[in-house]
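Undergrad: One line per chain: the protein sequences are A and B, in this order. Residue numbering for the first sequence follows the working numbering, beginning at 1 and increasing consecutively. Residue numbering for the second sequence follows the working numbering, beginning at 1 and increasing consecutively.
To be clear, the hints were calculated from the coordinates, so they are not data collected in a lab. Note that CB positions come from ideal geometry on N, CA and C, so glycine has one too. Among the clues, some could well be false.
[To be verified] Once the Cα atoms are required to be at most 27 Å apart in a straight line, the calculated DSS-like pairs of lysine-lysine come out as: (1) B/Lys149 - B/Lys184; (2) A/Lys37 - B/Lys154; (3) B/Lys269 - A/Lys37; (4) B/Lys163 - B/Lys149; (5) B/Lys184 - B/Lys154; (6) B/Lys105 - A/Lys73.
[Claimed, not checked] Here are a few chain B residues that face chain A, going by a calculated C-beta distance under 8 Å: (7) Glu51; (8) Thr74; (9) Thr76; (10) Leu104; (11) Lys105; (12) Gln107; (13) Leu108; (14) Gly110; (15) Leu128; (16) Leu214.
[Unchecked claim] Far from chain A, some chain B residues (derived; all Cβ distances over 12 Å): (17) Val86; (18) Tyr124; (19) Arg126; (20) Asn131; (21) Tyr164; (22) Glu202; (23) Pro277; (24) Asn279.
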Amino acid sequence: MLQAKHLKILLLAWTRLGLPSPLRPICDPRVLDRFIKEARDTEFAMRSCSEGCSLAEPLSVPLTSVDFAIWEKGDVSEPQKQAQEVQSGLWLLAQAISAVRVSITSTALHSLLDNSHSNIHSIGQVIRSLNFPEYTPPADGTVHEDTWRVSSTLELFRVHTNFLRGKVRLLLSHAPACRRDST
Amino acid sequence: MIRLRQLAPWALLLVFTCCQNASPGLWDAGLEKKADLLMRVEHEEPRCFAEGMRDLTCFWDEADGGTPHLYRFTYTYENEESNECVVESQQREGSETRYFCKLLKVQLFGLLDIRVYRGETLLYNRNLLINLVFLLDPPANLTVTRTGKPGQLKLSWLPPPLKYMENSMMYEVSCTTAGSRMEKVVQGNTEFTLRSLRPGTEYAIQVRVKPDGLTYDGYWSDWTLPISMRTLPDDADPLILSFSVIISFILVLLSLTIFLSYRRFLIKKMWPLIPSPENKFPGLFTVYGGNFQEWLGHSSGGLWQRPGFFYLEELPVMLEVLSEATMSPPVQIQPGDSRAPGLLKETTQENEDEMLPKADSGMEKKWDPDLQENWLMDQFQVLQQSSTPPSQSSLLESKDAYVTLSQNFDQHPGEGKLEDISEESLPLHVLFGTTETSTSHPDLGSLPQSSGSSQLSSQSSFEYPHNTWPSKSLTYACLTMADSGISTDYSSISSSRTGMECIYTNDYKNQMPKERQPLATPPTHTGCWVQEQHNSSPT
């Protein structure tokens with residue numbers, strides 16, 4: 001009996017170890033384009049937000065600005081760093097959206113917020129599919145570099161949209177996994 | 001000297017730092033074109049546009065004589081320190097001055113805060129995202145080729161050479177021909193096939209580009225230089241040929257259908273039906289070959305019910321059919337129509353009604369020669385009152401023959417025997433005889449008679465007191481029998497039967513029975529009391 005249990009455990013361990021990453025690289029730019037479009041729509045909807053749209057406390061959001069010269073340099077020398085930067089930024093945005101979801105009362109905006117939240121998780125899946133190293137959120141829940149604080153939902157969703165347009169898109173469109181397939 | 005050498009690198013450094021953030025200062029024709037284009041579509045000042053991934057040009061126009069040192073251009077990225085750009089100026093026509101500032105290190109996807117100061121006052125303040133203000137150069141290498149099909153042109157061009165924007169472009173194609181312009185938006189592709197163009201016409205093609213608006217956005221670029229191309233001429237279009245064949249086929253079918261539906265009408269018009277009394281004389285032509293006498297003897301009883309036919313049998317003597325006699329249209333005689341049987345029946349009735357209104361009373365009675373004589377006299381009077389005999393070429397020429405014995409027929413509705421014919425023929429002779437003796441009938445004198453008719457003269461055997469009758473080959477006929485066109489020879493019938501007259505329906509012109517015996521009851525063809533003139537050629 002003991003031997004059977006051991007065998008089972010061993011079998012499970014082998015299967016888990018043996019299983020490769022099941023995700024195929026998602027290289028279609030239209031996937032992210034759809035997310036960007038929905039983020040833009042949410043940003044436009046936030047312009048008409050009247051109740052509960054001012055945040056109680058500022059929220060940390062990533063930096064969105066991209067200098068192409070610097071980015072290209074970083075793409076060559078430190079591609080992992082860029083991936084980490086993108087993933088931490090996505091994590092921050094997810095946190096901020098969850099916080100906003102609580103304070104906003106409008107149900108129509110709730111659906112948009114939920115959609116944005118799920119989109120961020122989907123982008124994380126896409127990044128994982130491209131064989132980027134997994135991101136582990138900081139234990140203390142705060143990110144110290146490349147962040148700043150927003151004080152309104154409009155700002156937050158503008159940051160959200162442009163983060164997807166810029167850094168996330170650049171990372172995905174020039175991912176080595178996709179480049180290998182195309183060439 | 002030593003001081004200068006020491007100072008030189010510092011001076012150079014100074015120069016460099018000064019110019020570090022300054023725009024290159026070149027306002028070339030390309031920039032001028034773009035600026036003019038932007039003036040039309042963007043109204044927020046200062047107007048800014050990005051030509052590529054690494055620059056931003058902003059400009060504004062003032063009419064103050066060109067003092068760039070008065071202006072200060074500051075820009076601040078999100079969460080960063082503000083920077084300043086050196087303002088440059090470009091003199092334009094009139095007193096307008098264009099001030100511009102060009103940034104060479106830019107950051108996209110982040111909000112940019114731009115401020116323009118004139119002196120200490122804030123002139124303009126604008127927030128923008130540089131990735132949303134692209135104004136690109138027109139696409140290069142536009143080529144237009146013919147595809148080999150008429151009305152089609154194939155276009156291709158190069159996309160803007162921007163590294164991260166390959167899949168984010170939107171193009172617009174414009175094709176211009178004489179008087180009309182067509183524009184079409186093409187997403188993503190750098191080649192396009194124009195369809196449904198007019199064959200054999202010249203088109204001018206142009207293309208322009210703009211970011212698609214999702215990640216990157218901006219303004220429509222300028223149009224490329226137009227490229228002219230003539231489409232292939234329309235070769236014998238098989239479609240048109242097939243259509244014309246189908247239409248002609250349909251027309252042929254239609255005409256056939258119309259022709260078939262109106263076939264009877266058309267045939268009637270082209271081959272008119274010659275009426276024939278054959279249906280009224282069943283078996284006359286088919287069985288007896290036109291032998292009326294035989295047919296009468298063997299005909300069905302249905303015919304006998306017709307008074308016309310009945311009376312034919314009854315009183316043949318009284319009937320004479322005018323063959324060629326010309327006659328005035330009898331006063332009360334109605335010309336018969338071409339249908340002989342009907343005519344026989346109808347005309348007899350009509351003539352009866354018309355001719356002998358007075359004799360009606362007499363008709364009901366039995367045949368009485370005296371009455372007959374009186375009646376005949378009356379008829380002569382009527383005739384006398386009528387117009388002069390017509391010329392020779394008259395009704396009879398038209399082959400109308402009037403039945404004259406209708407009156408007599410009516411008198412004996414019940415009799416239909418041939419035996420009575422001879423008896424009934426007698427009254428004629430009697431009549432004539434009396435008239436012969438009594439020559440004092442002035443009425444009779446009006447009756448024209450051909451004196452030269454030897455046959456009839458003997459036949460008639462009555463002399464008219466008046467000899468002023470015009471010698472015409474005319475004979476009056478009370479009734480003229482219509483000629484139905486039957487070409488059967490009835491003359492033999494009359495000749496074979498002595499004293500018996502039948503009603504003829506055909507033309508007697510050529511069939512005057514010459515062998516007619518000058519009997520007391522001569523077979524006459526013409527009207528009952530009218531003699532037939534034979535001076536003319538026998539008809």
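Undergrad: Would you mind marking each hint as holding or not holding in the structure?
TA: Hint-by-hint comparison with the structure:
1. B/Lys149 - B/Lys184: Judged against 27 Å, a Cα distance of about 20 Å means the pair holds.
2. A/Lys37 - B/Lys154: Not satisfied, since the Cα-Cα distance of roughly 32 Å exceeds 27 Å.
3. B/Lys269 - A/Lys37: Roughly 82 Å separates the two Cα atoms, so the pair is violated.
4. B/Lys163 - B/Lys149: 36 Å, violated
5. B/Lys184 - B/Lys154: Holds, at roughly 14 Å.
6. B/Lys105 - A/Lys73: Holds. B/Lys105 to A/Lys73 sits at ~15 Å (cutoff 27 Å).
7. Glu51: 14 Å, violated
8. Thr74: 17 Å, violated
9. Thr76: 11 Å, violated
10. Leu104: Check failed: Cβ of B/Leu104 comes no nearer than 10 Å to chain A, outside 8 Å.
11. Lys105: Nearest chain A Cβ about 7 Å off; hint holds.
12. Gln107: 4 Å, holds
13. Leu108: With Cβ-Cβ at 5 Å, under 8 Å, it holds.
14. Gly110: 3 Å, holds
15. Leu128: Hint violated; B/Leu128 Cβ to chain A Cβ min 12 Å, cut 8 Å.
16. Leu214: Holds: closest Cβ of chain A sits about 6 Å from B/Leu214, inside 8 Å.
17. Val86: B/Val86 is indeed farther than 12 Å from all Cβ atoms of chain A, at 21 Å.
18. Tyr124: At about 21 Å from chain A, B/Tyr124 clears the 12 Å cut-off, so the statement holds.
19. Arg126: Holds, since 16 Å exceeds 12 Å.
20. Asn131: Nearest chain A Cβ is 7 Å from B/Asn131, so the label is violated.
21. Tyr164: 6 Å, violated
22. Glu202: Answer for B/Glu202: holds, closest chain A Cβ roughly 39 Å.
23. Pro277: 97 Å, holds
24. Asn279: About 92 Å separates B/Asn279 from the closest Cβ of chain A, which puts it past 12 Å; holds.
In summary, the numbered hints that this structure violates are 2, 3, 4, 7, 8, 9, 10, 15, 20, 21.
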